[in-house]
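Listed here are the chains, written in short residue letters.
There are 2 protein chains.
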Amino acid sequence: MPSAAGRGHGQDRRPDSEDSSAADDYAKERYGVSSMIQSQEKPDRVLVRVKDLTLEKADEEVWVRGRIHTSRAKGKQCFLVLRQQQFNIQALVAVGQHASKQMVKFAANITKESIVDIEGVVRKAHQKIGGCTQQDVELHVQRIYVISSAEPRLPLQLDDAVRPEVEGEEDGRATVNQDTRLDNRIIDLRTSTSQAIFCLQSGICQLFRETLIRKGFVEIQTPKIISAASEGGANVFTVSYFKTSAYLAQSPQLYKQMCICADFEKVFCVGPVFRAEDSNTHRHLTEFVGLDIEMAFNYHYHEVVDEIADTLVQIFKGLQERFQTEIQTVSKQFPCEPFKFLEPTLRLEYREGVAMLREAGVEMGDEEDLSTPNEKLLGRLVKEKYDTDFYILDKYPLAVRPFYTMPDPANPKTSNSYDMFMRGEEILSGAQRIHDPQLLTERAKHHGIDLEKIKAYIDSFRFGAPPHAGGGIGLERVTMLYLGLHNVRQTSMFPRDPKRLTP
Amino acid sequence: MPSAAGRGHGQDRRPDSEDSSAADDYAKERYGVSSMIQSQEKPDRVLVRVKDLTLEKADEEVWVRGRIHTSRAKGKQCFLVLRQQQFNIQALVAVGQHASKQMVKFAANITKESIVDIEGVVRKAHQKIGGCTQQDVELHVQRIYVISSAEPRLPLQLDDAVRPEVEGEEDGRATVNQDTRLDNRIIDLRTSTSQAIFCLQSGICQLFRETLIRKGFVEIQTPKIISAASEGGANVFTVSYFKTSAYLAQSPQLYKQMCICADFEKVFCVGPVFRAEDSNTHRHLTEFVGLDIEMAFNYHYHEVVDEIADTLVQIFKGLQERFQTEIQTVSKQFPCEPFKFLEPTLRLEYREGVAMLREAGVEMGDEEDLSTPNEKLLGRLVKEKYDTDFYILDKYPLAVRPFYTMPDPANPKTSNSYDMFMRGEEILSGAQRIHDPQLLTERAKHHGIDLEKIKAYIDSFRFGAPPHAGGGIGLERVTMLYLGLHNVRQTSMFPRDPKRLTP
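For the protein sequence lines, the chains are A and B, in the order given. If you read the first sequence in my numbering, its first letter stands for residue 561, the second for the next number, and so on. If you read the second sequence in my numbering, its first letter stands for residue 561, the second for the next number, and so on.
These are calculated hints, taken from the structure and not from any lab test. Certain hints may be false.
Note: identical chains are not told apart, hence a pair may lie in one copy or across any two.
List of simulated lysine to aspartate or glutamate pairs, DMTMM-like, C-alpha gap at most 20 angstroms [stated by the list, open to error]:
| no. | residue 1 | residue 2 |
| --- | --- | --- |
| 1 | Lys611 | Glu825 |
| 2 | Lys775 | Glu725 |
| 3 | Lys602 | Asp866 |
| 4 | Lys803 | Asp1057 |
Produce the entire structure from the sequences given, and follow the hints as far as they go.
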């Protein structure tokens, strides 16, 4: 492969040497700044992945592309750490047959985060290389070309960005605050923690859809620009729409229900949900990703509850099986107990939850909604008693649910509705929906809703509607709570809240 | 199972008989209007799927839930067609041991599109039943209960809605115009054609993601509310955002590219794309679903073009294999040649396309963009010459592409950009993007773009950026063109255009 060296690097630019003419440099063809890759040619060179550089490749000559993670010059040698996604390897440029002192100096001056192509020989390391994922081997550099240079001043240091907070506090070492991270998200996303979080999040979406498609669901696409506010009008963003105005959908619910009325029977969708809530908490975003389910059932809404709960269980199991590396990587920075769940999922009635809280000293009414602290407390009580981080709370008071929630036939004060919780925080809210236009009208009146504004919604049920139930899951919350993180901004690539619209 | 009859139907309401007292009716427990299913109980009754009612089940007693598609009373008998999604079966209610004349009358009066539960015996039909999907059997009804009533006047008739246009024109029979369909979308979506279109569309999304995940891509979620218009500012919707204003993303491109700069290497996303274009054509929507890809490459953007083209080929093959029933169903209403494609995909250069057009008598300049009629003509010429409905046009003139398109190193007038076409219409536009901040600045200046407005975009490339390319596919167009349909509103469940914001 050495014969191919320099190919693909066009007119290499080499910094003017200060202390020696290029003529003196026997390695001058072996390093430099490549001209921009503009698809000039199609070399047949194979680039090996850093994670594949193991003892099995010892003494092989390979080409690798990666970022300069760190570099440290030491006499006639320069030690580089070459990073590729979550993996890194030590690379050594040393004065000798392949490298001149000018080449070593060149390598030492490459800015951190620059992308380089290296040709080198894989060698067994004399001792385990701490701090690298490839601990048993190092790369002896024969050629090095800069593919894309990073500016010398980075807005944050990757090593600081992955340091556990407790370590920063105890040892007084630097950590990176959240706004700096988010303002410089493309750097922050390069850390092993971020790489792992978002690979796992991609996995959640994949497992969600895989499971539902196996269960016979159909994926639907629902409009985000709508003519009327879906749930009453509060907390909705307004859009200019040609000569009129419109709204951003606060949930796909009406459309999911229309699909049920249109005989799709079992539907799901994955898409953005918009909430103009001025909430600056650890778990609210103004734009998040909803994993939504709606399903016609035969006789009882528990048929749907069981399907949703099993879908979440399949996600948890799939993550355990397929994303163990990512879970371990995140836990290095954010240590956390592994996520526990039962099969079948624990389902408690709301009144049972209230009783547990009262036993723990909480005072609350039967028809009162759960406050956030009470939700968390109940999560801890359930964990102690049942050893699970995931459970369902069923049969919420009718008074605290939206007008379209089906009342419980057995008790006028409760309803056929449910929430699901992970580590004591709500991740899904759902219910049997009223599919009868007459009862829906009555309930809307009871809630003081302007019938004219929801006419289209009510009319959807006038041409035969099957009984149905569903729910919506917040993707970022599932990722956050599964990994035991503490802020939903860590699990949104480019989060949006009342104060943040960039990047 | 008869012992379970009536269970789950609570206090059945039965219409007052006109000509006979209930006391005279020996079948009075065998029919009626069920009380609303409110999850009163969990009967262990199994509901059989209509599509599973075949000769294998002959003489079995079954429960089925479906819609009354049509009904026809004839003396002491009533013939119903019971529909479930794309499948239907004839059901017979006849005066005899199980049914009284009151029951037959009741059945005959059930409004079309009402949902009913029927208990019946599957019987071999004396002759093939035309017009039903289950041609070999019919259902002899023993009990019938209305689960959800449809209003008697339907806004459109399903049989009219699936009639091929040519048949309507030749025989003077009714068809349904597009606005009536879209205004009453929940009824229109119940037709076998609509059911098939959207099951197939769900399949396209699934195949797209399956293929890319197999190729090592990661799914990302990009924000739709953004602070600056992504591509200059024309055709963008404005959103009120608390005390300021924001925009709806016209494409996820900036965010896909940021993910590449953040080392995700190969990413895709599926989500809404918003275009405030006042275009009222057969192929423009103001909100559509983008299937977007972005990928770092080693040396040549054709590495990316090959991956995208192969992804589309895998979709085409998957549809052929898994969705043949749906393809056949749609072609009954909209006859069309099967979709043809080559492996590997045909890739022509733009100049070759222009030469073919000129040979066919078209006059156009080397750097002129393709008009829609020329695109279609070229599609026909390519089909004649190469026998494919899918091809790539590569190396577009630099002048007709956005500022961030990488110029062709070999020719200052062309660029490393490409479009892909299905049946002569563009479904994907893509390019190698400029990853060098200096060249990007130069090109933006050349296009007269305000550098201040795209500062964040350019800054994304300052900390080392790999060469990369990508493209965006319009989901509704792919569905439309694969099935040979003629309007993108047929393949959007709830389409949005300058004149339509509802339902």
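Each hint tested on the structure:
Taking identical chains as interchangeable, the C-alpha atoms of Lys611 and Glu825 lie at most 20 angstroms apart only when they sit on different chains, with a minimum of 15 angstroms there against 45 angstroms within one chain. Neither within a single protomer nor between protomers do Lys775 and Glu725 lie at most 20 angstroms apart by alpha-carbon distance, with minima of 42 angstroms and 36 angstroms respectively. When the C-alpha separation of Lys602 and Asp866 is checked against a cutoff of 20 angstroms, the pair qualifies only between copies, where the shortest distance is 13 angstroms, while the shortest distance within a copy is 54 angstroms. Only between protomers do Lys803 and Asp1057 lie at most 20 angstroms apart by alpha-carbon distance; the minimum there is 13 angstroms, versus 28 angstroms within a single protomer.
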